[in-house]
Structure formats: structure tokens, C-alpha cells
Amino acid sequence: MTEFVFKEPSFLPEEMLMLRAQVRRFVETVVIPQGDAWEVDGFVPRAIFKQMGEMGILGMRHPEAHGGGGLGPMCSVILAEELSRSSYGGFASSTLVHTDMSISHIAKRGTDAQKKKYLPPAIRGEKIGAVCVTEPGAGSDVAAIATRATRDGDSYVLDGAKTFITNGVYGDIYIVAARTDAKAKASRGISLFIVEKGTPGFSVTRKLEKHGWRSSDTAELYFEDARIPAENLLGEENAGFYGIMDTFQDERLQIGAMSAGQCSKAIELTVDYVKTRKAFGETLWEKQAVRQKLASLAAKAAAARALTYEAAQILAEGRECIREVSMIKAHCAEVLQEVVHGCLQLHGGTGYMIGTPIERMVRDARVLTIGGGATEVMLEEVAKRM
Amino acid sequence: MKILVPLKRVADPDNANKVKVAGTKLETTGLEWKPNPFDEYAVETALRLTENGAATKQRQGEVVVVSFGPKEVEATLRAALATGADRAIRVDVTDDKLDGDLVARALKAIVEKEKPDLVLCGKQAVDGDSNQVGQLIAEYLGWPQATFAGSIKSEGAPGKETALVVHREVDGGTINLKVTLPAVVSVDLRIVAPTSVKSVYTADGFKYPDGVRFAALMAIMAAKKKPLVEEKIETLAADTALKIEYLGFELPAARKAGVKVKDVAELVTRLKSEAKVL
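Sequences listed follow chains A and B, in order. So the first sequence is numbered by the numbering used here: it starts at 4 and just counts up by one. So the second sequence is numbered by the numbering used here: it starts at 192 and just counts up by one.
Hint data in this document are derived by calculation from the structure and do not stem from the laboratory. Hints may contain errors.
Unchecked claim - Result set (EDC-like, lysine to aspartate or glutamate): computed pairs, CA atoms no more than 20 Å apart in a straight line: (1) B:K304 - B:E253; (2) B:K415 - A:E67; (3) B:K447 - A:E57; (4) B:K248 - A:E271; (5) B:K344 - B:D318; (6) B:K209 - A:E67.
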């Protein structure tokens, strides 16, 4: 059995290496043996979230006062890379949406009361988070969202629809973006709200069937006169767009790390395959074209990963890094496509068969050039800063 | 109960094909290292013996881990501290200046200083597979020993454990031994099964998750603050001359291709005439 992993960046402290070792063992001993069952079920069991909660990996960046680890962006990168090495993109996305893309909104901009109420059960894996920005009519163009939140006494009333919401079917805590000022410039009239599962008027209208990521649940949601207490406003009113953009930085950085983890696993599986598969009297590995193809893919993946760790380090030092994070989102997810497709090609017909991990990995990888800001949108973000 | 657990780091067995032979030495530069799995089982066993399985955050004894090697083996020790061990000792020396006998004699000196009730070790390291250290320490200390433990139950009053009942699998059954403390015990794979270890603190019927526990993030961060001291091999052993000399290393021969047989009759014939197993 081949193991192909990238070298540790020299600037990682010992505790980050220990964290990686723990997550890797968790993935190998707990996740991989059960992943196929979750793909069929369409969700990750709550017991798994609770186990990750016990390991302290569901709130590593959340404040220590509320049960989190109080750490910086590097731990998110390590978590995303190692969970992605499971080869189950759905499992990884379900977990990372919870930790770094939804509940992180509360950790970053919630009131003390909101943090006290929502963070501890989320960090323990008892309550799972979802983030609801995308709508049938608004994806990467966040400012175009149409869901409304109307102030009415001590409440806000939400009306509108959300779609492609990861953890949307079985989640508990929903971070919802809605328009609070119809007159303001599109990006200046959006606010964020915490909506709990079971709020009257809030419903899951559809469990969506996806091309990949089948072990995560994805929903279409509907809000019709959904009344939530005014204290569930998250951050300042009409400042939601900036909160979304800020959290997008975490998400995009993690997509670089997810790509790195998926690349290393895909290459590992393929090296293993071509070293045993024979054609025309020798193993595929003995054919120079095959092994050079894999070496080339490995080099591209290693370079993309290096950019991700570099950006994480810059962010950890508190320096601004939007251009590089946009590059990561645009570049790493595209490199991933080349890697998984190249790896499937080297698997031959076997790679096209359901049940072969690389077949699933190709499907799981596909969404990463879209979700969290499509490649085309990301390249514009880079270009704006050139 | 106070337990001393010797730990060894070994070249990552998953990448054993990267080990290069250089004359009478193994080339170790560039290798990835992992804790010896049996030693990890020993740490897990030591933790289970010094806690109530239902309330693992509260320690009911002390576990001291010790390893031999250069500065980098501190990573192995820190990992053990992160899973729950209380203190660590690193004996500063390089692998080429060690053999099992010297390790056992140095450990004897540490035992005389630390005065543990139990030395708990893995049955062997998966690199050299020598399987000597545990037995040698017991001999040098004059302590009772039980090797290849598949399960352990401690006896006596909490904080005043007096003996261990140790089960060891043998062909066709189990040997049950009772060793009075202080003692030396080496552990086998099955020791980390859910009910293999029972301390005097843990309720009957309690089940652990299978395998070695995960270190929680908080414990990883806290491990940085746990004591880790350095000792010199020269101060632990008066005579550091080695008794074992390695004359050479060879890689195992590559596997030969198998043979396809037409039918059962041919298989039986070949098993008789070529394999000579029938």
C-alpha cells in the first residue's frame, strides 16, 4: 500500500503536526470504513460529529471561553486537508461547513449571549450549522439575494428561498442572509440572522440530489412569514455582506486545503493502482509516460498546496491576503480537476466503475470550482488587485 | 499506581520500502517516524489502569513515558503526553549506540529513581522485532514479569493496587498469571480491545472504544506545558558498550510469481511434490 502525502511545511509548530496525526488516524480508522454507507444514506451520522466534538476539532478557531480552541487559520487548513484525504468530499464539506463556514459567523460576530447559547453545543457536535446565502436567483453574485427580513416589533419576519444549502436537511442552526434595506445599494442592505430548525414558517422544501458530495445533505429551504426574535440578528444590521465576504476568505482558503487533500489521496490511489496493473507485459508504472504523468500531477498539486499553506501563514500573522486567497480558490480547485481526471484516466475502465474511489473523487471534486465563488468570479477578484 | 512506559519511535512501517542499507547500518536520514504501535498500546493500557473509564479527565495515578533518542524523539513523547501521560523523560543518545541490553540497563536506573509500581512496555518494537527489553528489565530489577498481555485487571484498593491479573493468549487457550507489584508487563495487540483493561476505579462491564484513544485538541495544546526532562545515557549506565553487533542487513527477496493450476488434482499433486505440505 503506497502512501503519498505532501511534506510538512517547515513553519508548522509541533502541535499542528500532532493535530494532523490525530485527524489522519481518525479519518483512516473511523471515516474511511464507514464512508460508503454515508454516501448511500446521504448524510453524516450525528454520532460522528459528536466524536469529532470530543476530539475538539469542531471549534478550533472559536473562542476558548465558549469551548473552542482559540487557534488561527492553520488548524483549519490542516483539518480540511486531512478530512479530504478520506476521499469522501461530502463528509469533508459537511464538517467544514459546520466548523468554518457557518458557526464561525457566530464565533466571529455574535453577541456574548449568542455565543453562549450556540457555540458550546456546536463545538460538541450536538448541533450542526448551515450557512444560507445562495438563492435560486443569486449564487456567486451575493449582492443579488432577494430573501427579505422585515422588522416587526421585537422580531424579524423572513420571506424567501435558499438553495444548495449544505447540512440544510439535518442541520440545527442556520445562518441566513437576507435583505433588510431594500433601498440601499445591493451590498449595503444585507443582514445575517440565526434561524433555528423548527422555526414556524421555515421549512426544508427539498432534499437535493447531487452529482457528487453524496454523503452530505443538501437542501432547498423556504421561509414564509418565518418570525425570529430580533436578538437573532447576527452582527450589525445591513453589514451582512461584509460578514459573508469575510467568511468567504476562510472558505476559499479551506477549498485550497480540500483540493490538496483530495489530490494527495487521488495520486496515492493511482500510484497504487498503476504499480500493480499490467498491460503489454509490464506494470503501468514501468511505462515512462504513466509515471511521468503522475509525477507531473504531483508537482502541480504540491505547488498549489504550497500557495495554500503560504496564505494560511500570512493570515496567521495577521496580514491581508485577499488576492492570494482568491488565487487559491481559482487555481487549486482547477488543479484538482486536472489531477482527479488524470488519475481516473490511469485507472482505465476500473476508474469509471461505481465503487472505485477515484470515480467518486472525480464527482466530489467537480463542485470545488463552483461553490465558494466560481473560478471566473475568483479570477476577477485577483484581476481587481493587479 | 505509578507506571513507567518506555516508548520507541520506529521508521514508518507503511514506508518500509524506503529504508536503505548502507553497509552494516540502516540509512535513517529522510525517514518518517511513528511511535512503535505496541508502545502506543502500552501507553493506552497505562492510562486505562490509572483512571476510571467513565471519567477519564480525572487522573488516578501517574504515567511517566521515557524514550531514547535525539531531540526529535520528543515529538513521540509529546504525542504520548497529549493522549494523557503525565510526564516524559528523554534519554539523549542515538540509535546506533543502543542495543536492547543497554536500554534495559538504563531503564533499570530510571526505575530505581522513579520508583514506579509497574513498568509497562510493548511486547516488541516493529523495526528490529528483538523482543528483549521488557524481559531484561524484569531480570535486572528482580521483578516478576508477565509478557504479551492480552488483558490486565488490577487488584487491591484504589491507590494501593497490589497485583495484576494478566491473561496471555497461547496456542489453544489462555494463560492467566497473577503478578504482585512492582512488576514488568509487556502488552500485545489485544490489550486495546474494549474490555481488555480494567482498573480498580472502573466499573465492571465498562467498555472503551476499540483501539488507542485520540488526543483531543485541548490535550495537544496542554501537552506543551507538561514536564519533559532530558537524561544522559552515561549517567544511567556505567557501561555503554554494546553486546549486540550488527553484521549486515539484507532486503527480503522479491516475491516470485505464482503458478496457475488447471484443476484440484494438479493442485494436490503440487502441494505434495513441490510445496511438500501434504
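Violations among the numbered hints: 3, 4, 5 and 6
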